[in-house]
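Number of protein chains: 2
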Amino acid sequence: MEIETTTDYQKVKVANKIKKMFGHINPRTSMELCPIRDIMALSSDKWSILIFLYLGFFPVLRFNELKKKVYGISNKVLSERLKTLDRDGYISRKMYSEVPIRVEYQLTDFGHSYLKKLLELTEWVDTYKETIQENRLKYKAS
Amino acid sequence: MEIETTTDYQKVKVANKIKKMFGHINPRTSMELCPIRDIMALSSDKWSILIFLYLGFFPVLRFNELKKKVYGISNKVLSERLKTLDRDGYISRKMYSEVPIRVEYQLTDFGHSYLKKLLELTEWVDTYKETIQENRLKYKAS
DNA sequence: AGAGCAAGTTACAAAAAGTAACCTTATTAA
DNA sequence: TTAATAAGGTTACTTTTTGTAACTTGCTCT
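Chains G and W are the protein sequences, given in the same order. Counted from 1, the first sequence has number 126 at position 126 by the numbering used here; the numbering is strictly sequential. Counted from 1, the second sequence has number 17 at position 17 by the numbering used here; the numbering is strictly sequential.
To be clear, the hints were calculated from the coordinates, so they are not data collected in a lab. Careful, some of the hints might be misleading.
If chains are identical, the list can't say which one is meant, so a pair holds when it fits in one copy or spans any two.
As the list claims (entries may be wrong) - Calculated lysine-lysine pairs in the PhoX-like style (CA-CA distance at most 20 Å, straight line):
#	residue 1	residue 2
1	Lys129	Lys117
2	Lys46	Lys76
3	Lys117	Lys46
4	Lys76	Lys94
5	Lys17	Lys117
6	Lys116	Lys20
7	Lys46	Lys19
8	Lys67	Lys83
9	Lys83	Lys94
10	Lys140	Lys83
11	Lys68	Lys46
12	Lys19	Lys116
13	Lys129	Lys20
14	Lys129	Lys140
15	Lys129	Lys83
16	Lys68	Lys19
17	Lys67	Lys46
18	Lys94	Lys140
19	Lys46	Lys17
Using the sequences provided together with the hints, build the complete structure.
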């Protein structure tokens with residue numbers, strides 16, 4: 001898989017984007033107070049990605065349905081992640097007081113908007129996953 | 001900040017993308033063996049994002065320069081992240097046997113390619129960070 | 001009365017991240 | 001001739017985060 005080189009012009013554009021977003025980036029200051037990292041970390045961790053993907057694929061899922069699909073996740077962690085995603089507005093939680101109780105989760109418009117962007121990044125990863133495997137083998141051999 | 005609603009047509013397109021990438025997504029199988037999560041988790045965590053951004057902004061940085069810029073990171077974690085990013089091929093590490101020793105890190109073409117995609121996601125986050133803050137306040141109040 | 005179900009919670013163990021002191025090799029200053 | 005300084009880490013130890021598995025709650029059905 002060939003990676004096209006980034007031209008100097010493109011690099012300048014990237015640097016400008018970074019500067020615009022992280023205005024205080026310079027040798028003397030930090031990004032410590034920047035919320036972007038916090039938001040990124042909470043929405044792109046290994047479990048949240050799967051929750052986004054499954055809710056993008058199946059419009060509505062209940063707690064235990066998600067638990068079965070997001071293979072390996074525990075009740076505790078699923079519960080925590082759903083709370084965070086709900087709190088930040090990516091998903092909605094609807095409780096129906098039936099017996100037994102029914103709770104339904106789905107992406108909000110905001111969540112769909114984020115998922116669209118997240119997918120573009122995962123598509124890149126999907127395209128180059130073999131390249132990364134090869135890089136790891138080369139590294140190991142060296 | 002208004003979020004535009006995702007049409008049913010767009011949702012189907014998203015579902016198709018997911019199906020293409022995560023072909024085995026269905027109620028009976030898992031994504032357990034999928035490398036995408038692993039790669040995403042290792043390249044988009046809270047410290048790696050900053051390393052990408054700083055190396056996207058400053059073409060070449062030495063260990064201690066990075067340490068100063070990536071405010072709050074410890075030697076140990078910086079060293080670990082740099083190793084992982086080097087191993088996966090995002091950055092290159094060049095050592096010069098001077099005294100004192102000099103080690104330079106920079107993005108590879110592969111790393112630049114990834115950063116470009118990562119930036120699109122962080123730009124979305126940058127655009128909507130206030131929305132998320134509001135969502136959190138609403139959630140807290142409810 | 002006992003079993004079962006959905007949707008969690010809780011107490012505890014394991015893993016990951018953070019902290020601070022230390023190491024190496026060579027150079028210069030006292 | 002010690003001693004301090006420098007870069008780029010490593011190591012031992014502490015704290016925080018994750019993961020595991022058992023338990024809870026409220027109601028129904030047998």
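Do the hints match the structure? See the list:
In the homo-oligomer, the alpha carbons of Lys129 and Lys117 lie at most 20 Å apart both inside one protomer (19 Å) and across protomers (15 Å), since each shortest distance falls under that limit. With identical chains, the CA atoms of Lys46 and Lys76 are at most 20 Å apart within one copy only, with a shortest distance of 15 Å there and 22 Å across copies. Proximity of Lys117 and Lys46 under a CA criterion of 20 Å is satisfied in both settings, with 16 Å inside one chain copy and 18 Å between copies. For the homomeric pair Lys76 and Lys94, the shortest alpha-carbon distance inside one copy (19 Å) is at most 20 Å, but the shortest distance between copies (44 Å) is not.
Taking CA atoms no more than 20 Å apart as the test, Lys17 paired with Lys117 passes in both settings, with 17 Å inside one copy and 12 Å between copies. Proximity of Lys116 and Lys20 under a CA criterion of 20 Å is satisfied inter-copy only: 15 Å between copies versus 22 Å inside one chain copy. When the C-alpha separation of Lys46 and Lys19 is checked against a cutoff of 20 Å, the pair qualifies only between copies, where the shortest distance is 18 Å, while the shortest distance within a copy is 28 Å. Taking the shortest Cα distances, Lys67 and Lys83 sit within 20 Å of each other inside one copy (14 Å), while across copies they are farther apart (34 Å).
For the homomeric pair Lys83 and Lys94, the shortest alpha-carbon distance inside one copy (12 Å) is at most 20 Å, but the shortest distance between copies (44 Å) is not. When the C-alpha separation of Lys140 and Lys83 is checked against a cutoff of 20 Å, the pair qualifies only between copies, where the shortest distance is 12 Å, while the shortest distance within a copy is 40 Å. Proximity of Lys68 and Lys46 under a CA criterion of 20 Å is satisfied intra-copy only: 16 Å inside one chain copy versus 28 Å between copies. Within a single copy, Lys19 and Lys116 get their C-alpha atoms only as close as 24 Å, which misses the 20 Å cut-off; across copies the closest is 14 Å, which meets it.
Taking the shortest Cα distances, Lys129 and Lys20 sit within 20 Å of each other only across copies (14 Å), while inside one copy they are farther apart (30 Å). Only within a single protomer do Lys129 and Lys140 lie at most 20 Å apart by alpha-carbon distance; the minimum there is 17 Å, versus 40 Å between protomers. Proximity of Lys129 to Lys83 under the C-alpha cut-off of 20 Å is restricted to the inter-copy arrangement: shortest distance 18 Å between copies versus 31 Å within a copy. In this homomeric assembly, Lys68 and Lys19 come within 20 Å of each other (Cα to Cα) only across copies, at 18 Å, whereas the closest approach inside a single copy is 42 Å.
For the identical chains of this complex, Lys67 and Lys46 are intra-copy neighbours only, at 14 Å inside a copy versus 26 Å across copies, given an alpha-carbon limit of 20 Å. Within a single copy, Lys94 and Lys140 get their C-alpha atoms only as close as 49 Å, which misses the 20 Å cut-off; across copies the closest is 17 Å, which meets it. In this assembly of identical chains, Lys46 and Lys17 lie within 20 Å of each other by CA distance solely across copies; the values are 19 Å between and 26 Å within a copy.
Every hint, counting from the list given before, is met by this structure.
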